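In order, the protein sequence lines correspond to chains L and Z.
Read in order, the letters of the first sequence correspond to residues 1 to 329 in our numbering.
Read in order, the letters of the second sequence correspond to residues 1001 to 1331 in our numbering.
No lab work stands behind these hints, which were simulated from the structure alone.
It is possible that some hints are incorrect.
Derived DSS-like pairs: lysine-lysine, alpha-carbon spacing no greater than 27 Å straight-line [stated by the list, open to error]:
#1 L/K173 to Z/K1112
#2 Z/K1201 to Z/K1112
#3 Z/K1201 to Z/K1317
#4 L/K144 to Z/K1049
#5 Z/K1317 to Z/K1228
#6 Z/K1197 to Z/K1049
#7 Z/K1183 to Z/K1161
#8 Z/K1201 to Z/K1228
#9 L/K144 to Z/K1201
#10 Z/K1317 to Z/K1255
#11 L/K281 to L/K264
#12 L/K173 to Z/K1049
#13 L/K115 to Z/K1112
#14 Z/K1161 to Z/K1228
#15 Z/K1183 to Z/K1317
A quick note: this is a predicted structure, and the numbers were derived from the prediction, not measured.
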Amino acid sequence: MERLSQIAEVVVDRDTMIEMYHRMLLARAFEETVFDVYRRGWMPGLAHLADGQEAVPVGVCMALRPDDTITSTHRGHGHIIGKGGQVEPMMAEVMGKATGYCRGKGGEMHIADVKLGILGANGIVGGGIGIAAGSAFTAKREGKGRVSVAFFGDGAINQGIWYETANMAVLWKLPLIYVCENNQYTEYTNYRKLQAGEGLVARAEAMGMPGLEVDGNDVLAVYSATLEMVERARRGEGPSMLVCHTFRYGGHHVGDPGTKYRTKEEIEEWKAKDPIVRFEKVLVERGVLSPGDIEEMHSKVEKRLAAAVEAGRNAPYPDVSEVTEHVYA
Amino acid sequence: MSTRELTFAQAIREALDEELARDPNLFILGEDVGAWGGVFRCTEGLYEKYGPDRVIDTPLSEEGFVGLAVGAAMTGMHPVPEIMFGDFITLAMDQIVNQAAKMRYMTGGQVKVPITFRATMGAGRSSGAQHSQSWHAWFAHVPGLKVVVPSTPYDAKGLLKTALREPNPVVFFEDKVMYAKIKGPVPEEEYTIPFGKADIKREGSDITLVALSRMVHPTLAAAEMLAKEGISAEVIDPRTLTPLDEETLIQSVCKTGGAVIVDEGYNRFGVTAELAAVIAYGAFDYLDAPVERLGAMDVPIPFSPPLEFTTIPDEQKIVERVHKVLEGRRR
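With the rest of the complex left out, here is chain L (with noise of 0.2 Å):
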C-alpha cells in the first residue's frame, strides 16, 4: 500500500535545518525522559509515546507560519514540541502541575499553546481533525494565507469526521492540510489488516484533493512535500493530504512494551531507519555541523529535559480552588 511520491527535495537554509535537528533532539528526549519519569512515578495515568516518528511533526511544523495552526492526536508532544512548544511547562502538564501549560486541568494527551497556533492535542481519536478544518475555515474568512493543519494517525482515517471534513474541505477550498502518520499499528492491531483501498492517497484523491506520500523518517521529504501542500494552501487552491509512513519504538503507551503484536525483526528493521540518526549523517555530510556540534547540541537538550524534570517536580500541583474554573468563559 505504500508508493512514495516523487518529490524535489527544496534547498533548506543552514539554520532552518539546526532547527529542524534540534526539535527533533527535543522531541526525541522528550519521550525518552517522560517514560523514565513514568517508570519512577513521578506521573499520574500513562503516556502516548512518540518515539521514533519525530521527522513527521518536525518536518511539517517547521513549513509553517507562527499564525498557522495545528490539531494533534493523543500521541501529539512531537506535534507540540515541532510548533514551537516549551518542554518546561509540558513536563509540567504530564505531571498535573500548576505550572503546566494547561495549568494541569488537560494532561499529557491534552496539551496544547494557542498563542504558538497549537489547538490542542486531543484524546478522541480524529477529534482533531473537526477543529483543523474550523481553523481552515476562519483562516480563509481572515484572507491572511494562513493555513491549518491536522495531525492523525493511520487509525483516525477510518473515522467517519476526516470524510465529512474532507468533502466540506474541497468544496469550500479550504486551506486544510490533513497529515496522516502511519505509524503502522492502530493501537494494538496492524494498519493494514484495518485499512481497505489502495492506500490513502487514492482516498484523497476520491475525495477531490491531491495527496502526498513519503518516507517519514526522511525529514527534509516530510518538509519538503509540506512546504508544497501549504503553498497550495496560501493560494487558495484548497486541502491536501500528506501521508507519512514511519514507526513508533514504543508501545501504544508506556505500559505497553509493543513487542506481542510486533516482532523483534519489525522493530529493528525501522529502528535501522531512525530519523533522527539519517539526518545527522545528512547535517554531518553537508557540512552543516560537526560530529562535535551534535555531541553538543545532545548534551544540551539532556540538560534542559533533566531541569524541566526537576522543576516540574519541584512546581505546586494546581489549589483544589482551581477545579471549578474555565468550565465556562
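Here the structure of chain L is known, so what remains is to put chain Z in place on it, guided by the hints.
The following block gives chain Z in isolation, referenced to the frame of chain L:
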C-alpha cells in the same frame, strides 16, 4: 414599547437577523438553512440578506459541520449550527460533548468556544421515533454547556440573542410544534433575556407547576381548568436548564407546598428527576406530598397518533397529576 404578534419561528428568525447584522463573526451553517430558508423557515431571507458566506448550506454531515464549528469558534468566530431535527444531534455528540464542552477546561482557559447549537425537539407530528425526540436533558448533564428551552416567541428571541452573545457553547432547543402554532407579543425594541432566570408564567398559591418549552402551553391550559375547580396553580418556566434558577422553584413550592413537573423529555433520569430533586431538597419542610413527575413515557415515540399522544403530557394528564398531589396532601 410597541409590540406585535410573531410566531415562534419568526421570533427566532428575527434574533438571528439582528445578531448577524450586529456581529460580523457570526455565521449560520446547517442543512438547507441557506437558499431554502430552513425546513422550519427560521432562516428565511437571511441567505439573500447576508450571502452564502454567512448563511451556509452544508452537506448532510452533522459531525463534520459541528466539528468545523468548534474549530471556527476556537479561532474567533461565532458559529450557529442548526441541527434540523434534534434527533440528528446524536451524530454530532463527540463534537459537542468531547470537543466543544471541554476545550476551554482542558486547555486551562486558553480558549473560548462561542457556539450556539440550535436544535429542535418535540413530538406530536407523527414523525416517528427518529424525528420526535427531546434530548435537552442529555446536554444539561454535560459541564461546559449551557442549555436553553424557551416556551414563547418573546422568550425565544430574548434568550437566543443572549446565546448569540455568549462566549460559551449553548444548546438552544426549539420545539418544532411551536414554530408556526405559537404566536405571541414581541417588542419592536431590542431586548435580551439573561440566562438562569425562571419566569413565572402564572401566579398561584395552591400548587406549583414547573414546565418548559412547549409543555408550558398545556400546563397553562391545565391551570385554567384547575382555576374552574377553585385550585390556584402557579406555573413556572425555568427557561434555561444550565444555568438553573433553583431559587424561584424552591420559593414557589415553599409557598404552595406541592409541585408537578411537566417535561417532554423522558422521565427516567431526566429533567423531571433533576427538578424534583432540587425541590425536594430545597423545600423539603414545606412539601405536603411527594413531587409529581410528568415526563414523556419511557418508550420510543410511536407513529400512530393515538399511541403517540399517549406518550406525551397534555392538559388532562397534568390536571390528573395535580389532583393526585392534592389528594396526597389531604391524607
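Next pair to validate is L/K115 with Z/K1112; report whether the Cα-Cα distance is within 27 Å.
At roughly 13 Å apart (the allowed maximum being 27 Å), Z/K1112 and L/K115 satisfy the hint.
Restraint check for L/K173 with Z/K1049, where alpha carbons must lie at most 27 Å apart:
Holds. L/K173 to Z/K1049 sits at ~23 Å (cutoff 27 Å).
Has the given pair, L/K173 with Z/K1112, been kept, meaning a C-alpha gap of at most 27 Å?
holds, 26 Å
Is the straight-line distance between the alpha-carbon of Z/K1317 and that of Z/K1228 27 Å or less?
holds, 16 Å
Holds or violated: Z/K1161 to Z/K1228, with C-alpha atoms at most 27 Å apart
violated, 38 Å
Please verify whether L/K144 and Z/K1201 have alpha carbons no more than 27 Å apart.
violated, 51 Å
Between the alpha carbons of Z/K1317 and Z/K1255, is the straight-line distance 27 Å or under?
holds, 23 Å
Are the Cα positions of L/K281 and L/K264 separated by 27 Å at most?
OK: L/K281 and L/K264 at ~25 Å, within 27 Å.
Need the status of pair Z/K1201, Z/K1228: alpha-carbon distance at most 27 Å?
holds, 18 Å
Pairwise hint evaluation, Z/K1049 against L/K144, where the allowed Cα distance is 27 Å at most
holds, 26 Å
Can you confirm whether the C-alpha distance between Z/K1183 and Z/K1317 stays at or below 27 Å?
At roughly 24 Å apart (the allowed maximum being 27 Å), Z/K1317 and Z/K1183 satisfy the hint.
Has the given pair, Z/K1201 with Z/K1317, been kept, meaning a C-alpha gap of at most 27 Å?
holds, 19 Å
When held up to the earlier numbered hints, the structure conflicts with 2, 6, 9, 14 and fits the remainder.
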